[in-house]
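There are 2 protein chains.
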Amino acid sequence: MDATEFKEFAKSMIDYIGHYLETIRERRVLSTVQPGYLRPLIPDSAPEKPEKWQNIMEDIERVIMPGVTHWHSPRFHAYFPTANSYPALVADMLSDAIACIGFSWIASPACTELEVVMLDWLGKMIALPKEFLACSGGKGGGVIQGTASEATLVALLGAKARIIEKIKKENPEISDNDIVSKLVAYASEQAHSSVERAGLLGGVCFRCLPTDNEYKLRGSTLEEAIQEDRNKGLLPFYVVATLGTTSVCSFDSLEEIGLVCQKEDIWLHVDAAYAGSAFICPEYRYLMNGIQYADSFNFNPHKWLLVTFDCSTMWLKNPEYIVNAFNVDPLYLKHDQQGAVPDYRHWQIPLGRRFRSLKLWFVMRIYGIENLQAHIRNQIAHAHEFADYIRSDSRFEIVGEVIMGLVCFRLKGSNEINEKLYKNINANGKIHLVPSRIKDLYFLRFAICSRFTQSPDISFSWHEIKHLATEVIASYKK
Amino acid sequence: MDATEFKEFAKSMIDYIGHYLETIRERRVLSTVQPGYLRPLIPDSAPEKPEKWQNIMEDIERVIMPGVTHWHSPRFHAYFPTANSYPALVADMLSDAIACIGFSWIASPACTELEVVMLDWLGKMIALPKEFLACSGGKGGGVIQGTASEATLVALLGAKARIIEKIKKENPEISDNDIVSKLVAYASEQAHSSVERAGLLGGVCFRCLPTDNEYKLRGSTLEEAIQEDRNKGLLPFYVVATLGTTSVCSFDSLEEIGLVCQKEDIWLHVDAAYAGSAFICPEYRYLMNGIQYADSFNFNPHKWLLVTFDCSTMWLKNPEYIVNAFNVDPLYLKHDQQGAVPDYRHWQIPLGRRFRSLKLWFVMRIYGIENLQAHIRNQIAHAHEFADYIRSDSRFEIVGEVIMGLVCFRLKGSNEINEKLYKNINANGKIHLVPSRIKDLYFLRFAICSRFTQSPDISFSWHEIKHLATEVIASYKK
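Line order of the protein sequences matches chains X and W.
No gaps in the numbering here: position 439 of the first sequence is 439 in our numbering, and each next residue is one more.
Counting from 1 along the second sequence, just add 1000 to a position and that's the residue number in our numbering.
Watch out, some of these pointers could steer you wrong.
Said to hold, decoys possible - Below are the EDC-like pairs computed for lysine to aspartate or glutamate, each with C-alpha atoms no more than 16 Å apart in a straight line:
hint	chain 1	residue 1	chain 2	residue 2
1	X	K182	W	D1178
2	W	K1420	W	E1471
3	X	K420	X	E471
4	W	K1334	X	E419
Said to hold, decoys possible - Cβ-Cβ distance ranges computed for the label pairs, FRET-style:
hint	chain 1	residue 1	chain 2	residue 2	range
5	W	D1015	X	H19	17 to 23 Å
6	W	E1283	X	L200	42 to 48 Å
7	X	E320	W	E1051	34 to 40 Å
8	X	H384	W	R1039	36 to 42 Å
9	W	D1176	X	L259	31 to 37 Å
10	X	E320	W	G1413	48 to 54 Å
11	X	L200	W	T1004	36 to 42 Å
12	W	H1335	X	H19	26 to 32 Å
13	X	R437	W	E1058	50 to 56 Å
14	X	E283	W	E1131	37 to 43 Å
15	X	E51	W	G1413	48 to 54 Å
16	W	S1136	X	D59	22 to 28 Å
17	W	P1043	X	D265	37 to 43 Å
For the record, the hints were derived by calculation from the structure and aren't laboratory data.
Given the structure is predicted, the values throughout are model-derived calculations rather than measurements.
Cβ atoms here follow ideal geometry from the backbone N, Cα and C, with glycine treated the same way.
Work the whole structure out from these sequences, hints included.
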């Protein structure tokens, strides 16, 4: 394929994409295919001879689209949003064309340097303490990880390196393995599944602590757990506080947790994967009070800030523990400028990395802070719109508090009837959402996901839910 | 930005990209900027108001390009190639537009199913044993990881889960921690730095074993190390064999190593990150003899098979150990079709994942097997062309064997004179390469990287090296 053909193919794809996104509302949000649907639709091995690009364009609707769950449809209310925007899409095209692997500064200085500055821009936008910003001239700075899972794991590995160093300084004859066997990390029982997984991967014990009535982890609960473990001879070393939990979007008491971590000298990581984007609006920053106590902070612009996946931004006050833990440099990766600038390969699990800061740059410039704020406020307003519908119907109740773009709700009554409602909603396929459960309470999650969402979409989704609820209730009365 | 503006912006970017790639040879391959060059070129915070897309287009040449090391220039001979092709670029556009997060089948069936089938296509193209293929109907199958580093780590975690299960079955009262403290993994001392790093991350001991005169790890060396460690009461559990090492592109004796692993019941992972792509050509498959003994196999189409980063393909004979080790499922991720199809989130470190199999599909179809083979053969032919230049000049010597697209060479004489030559080559900036060192031998690596490479480019690079060598030798004679 030469450049001329590429331009034809790419421009045809641009037109397809524009049309797909602008008319996405008309497609059934949830795919109806059965497992194994795709294999019979295509040959069972790669073609020997080259095919025309036109054949591929035709196969998108025939092979791919029937099996797509349309995450950017205003009818999609499952999980949390994942970002999709035109400027991010164009930025990724440039990233793919330059296609550098930015594992060191010299491998493409622009790739590292734009990332350093974009993490400063973004850090300022959410009013992070200056100790987290590279422009403050201290040790701190930001990095783009692939996902929040990786950020949680990287912070855990940094915390692990820090405690091992500290214990060995006091007690040089103790083995690493003896230390690791005593390590214990903490998070709320509402923390994301990836937090528990980071413990599994990092080979340390993770304790999931109970929350209060508002699903928040409190300082006193953490303090008690730490004392209990210290009394057993264990070594508390890492705490993850969640701002915006996946189940109900609750916010741990960061201020209280931070004070405990400071007093106990424990690494505090803040996971604000979804809700962090809202901190670009000053009125939501009260939720991050206590951020000054954190060692590391992470949120996903690829969730709610219109930067297409993957772009999980993480800031560290002192990256040295992680850099040293990860550094295994062979000669072919060394260069003359080491030390003057970050070599981001030491800040992450993989070695290679794409030029992802271009997406942040394009999105922040094409939207401007004011339109990004408008996007967040608009989506939260739609959540309140939906919550008002729920409150207007006495058969329903809200679970938790509506603070961001997520509304948790249920039919008053048994879990069983709510499970039935959930199944019928997705079987009907006009809208898509997922359930959750806290302790014994089963409920439905309604997330505002698409940037195309408008008030009539909320009304549409509400009427679908209301209609199916009436049917489900009737079927139980029979 | 609406769809109309998006189309203008994106099409303008397409034209820019086509021009950039077709004229890349004319740019200085190595950036001349100094650390910190970028920050003064842009504002110190994000704009309040939206900007025009035309401003961004103008800034690409002003801000970004001066700091780009042009990995796709035919003058770029550093590291190993990273892929860049037109079909992959267009596929990524579609992936960004659909922007699903394929952590489970239901989250977008097409995303999972195309990946299953593409890994079969690709596995057949390199003649992997059928136990690795999903279409064989057994447990085996493939998955796209981000990087080979992640594949090595994932396989290590699978191997760790397997040995823990096995030991506990024989000896139920032993603690996980006691087992882990005795685990030992093996690789050649020429294995990639990410292999050692996987050991650090996974918290297990990694032994780097010496190679023979051709830089290959032999079965007898491995066997001895295992016996030595068993005698010490340790638990050998994981071996990484490398096909195509980074330093000299040597190939471990897979057949010998495989027999040892089979006899000793140890997980064998094969890292063919770079060289694996060549196995699409039957004449190179002798290098993977012994693959039938492997538990997991990995190579990077994003290196040498024209699929833009990231796309690191991994096959497992039995993914169960990994799936079970990683499974921490909350309710909001469960769905009705679990078990019938892979939920790829259990096969990898992160939770989220892009629709990357589109890149494989587009590339295999637009090139066809015959043109992909032609690409590999062509690049290897260029390496031999360069090796012939080296051999034609008695001041130089070749290090190792030229099998793939990498030529290692040096000036006969001291390491110092070779370090000087290396520094002068990169300071001149007409071509770019990196050095390596094995034991006390310092040498230069010349990799064929760009898909635009033609014979005159090889001649150009050779004349640059030859000319600078003459200067360096003269300066030493003074």
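A quick look at each hint next to the structure:
Between K182 (chain X) and D1178 (chain W) the alpha-carbon distance is near 12 Å, which keeps this suggested pair within the 16 Å criterion. Of the pairs offered as hints, the one joining K1420 (chain W) and E1471 (chain W) holds, with about 10 Å between alpha carbons and a cut-off of 16 Å not exceeded. With a C-alpha separation of about 10 Å, the suggested pairing of K420 (chain X) with E471 (chain X) holds against the 16 Å cut-off. A hinted pair counts as satisfied when its Cα atoms are at most 16 Å apart, and K1334 (chain W) with E419 (chain X) qualifies at roughly 13 Å.
For D1015 (chain W) paired with H19 (chain X), a C-beta distance near 21 Å keeps the hint of 17 to 23 Å intact. Checked against the given bound of 42 to 48 Å, the beta carbons of E1283 (chain W) and L200 (chain X), roughly 43 Å apart, stay inside it. For the hinted restraint 34 to 40 Å between E320 (chain X) and E1051 (chain W), the CB-CB distance of approximately 36 Å keeps it satisfied. About 40 Å separates the C-beta atoms of H384 (chain X) and R1039 (chain W), a value consistent with the hinted range of 36 to 42 Å.
About 34 Å separates the C-beta atoms of D1176 (chain W) and L259 (chain X), a value consistent with the hinted range of 31 to 37 Å. Here the CB-CB span from E320 (chain X) to G1413 (chain W) is close to 40 Å, at odds with the stated 48 to 54 Å. L200 (chain X) and T1004 (chain W) have their C-beta atoms about 48 Å apart, which leaves the hinted 36 to 42 Å range violated. For the pair H1335 (chain W) and H19 (chain X), the supplied restraint of 26 to 32 Å holds, since their beta-carbon distance comes to about 29 Å.
For R437 (chain X) paired with E1058 (chain W), a C-beta distance near 53 Å keeps the hint of 50 to 56 Å intact. Checked against the hint of 37 to 43 Å, the pair E283 (chain X) and E1131 (chain W) fails, with Cβ atoms roughly 58 Å apart. Restraint check, E51 (chain X) to G1413 (chain W): a C-beta distance of roughly 52 Å satisfies the suggested window 48 to 54 Å. Under the hint 22 to 28 Å, the C-beta atoms of S1136 (chain W) and D59 (chain X), about 25 Å apart, fit the expected range.
Our hint of 37 to 43 Å for P1043 (chain W) and D265 (chain X) holds, since their Cβ atoms are close to 39 Å apart.
In summary, the numbered hints that this structure violates are 10, 11 and 14.
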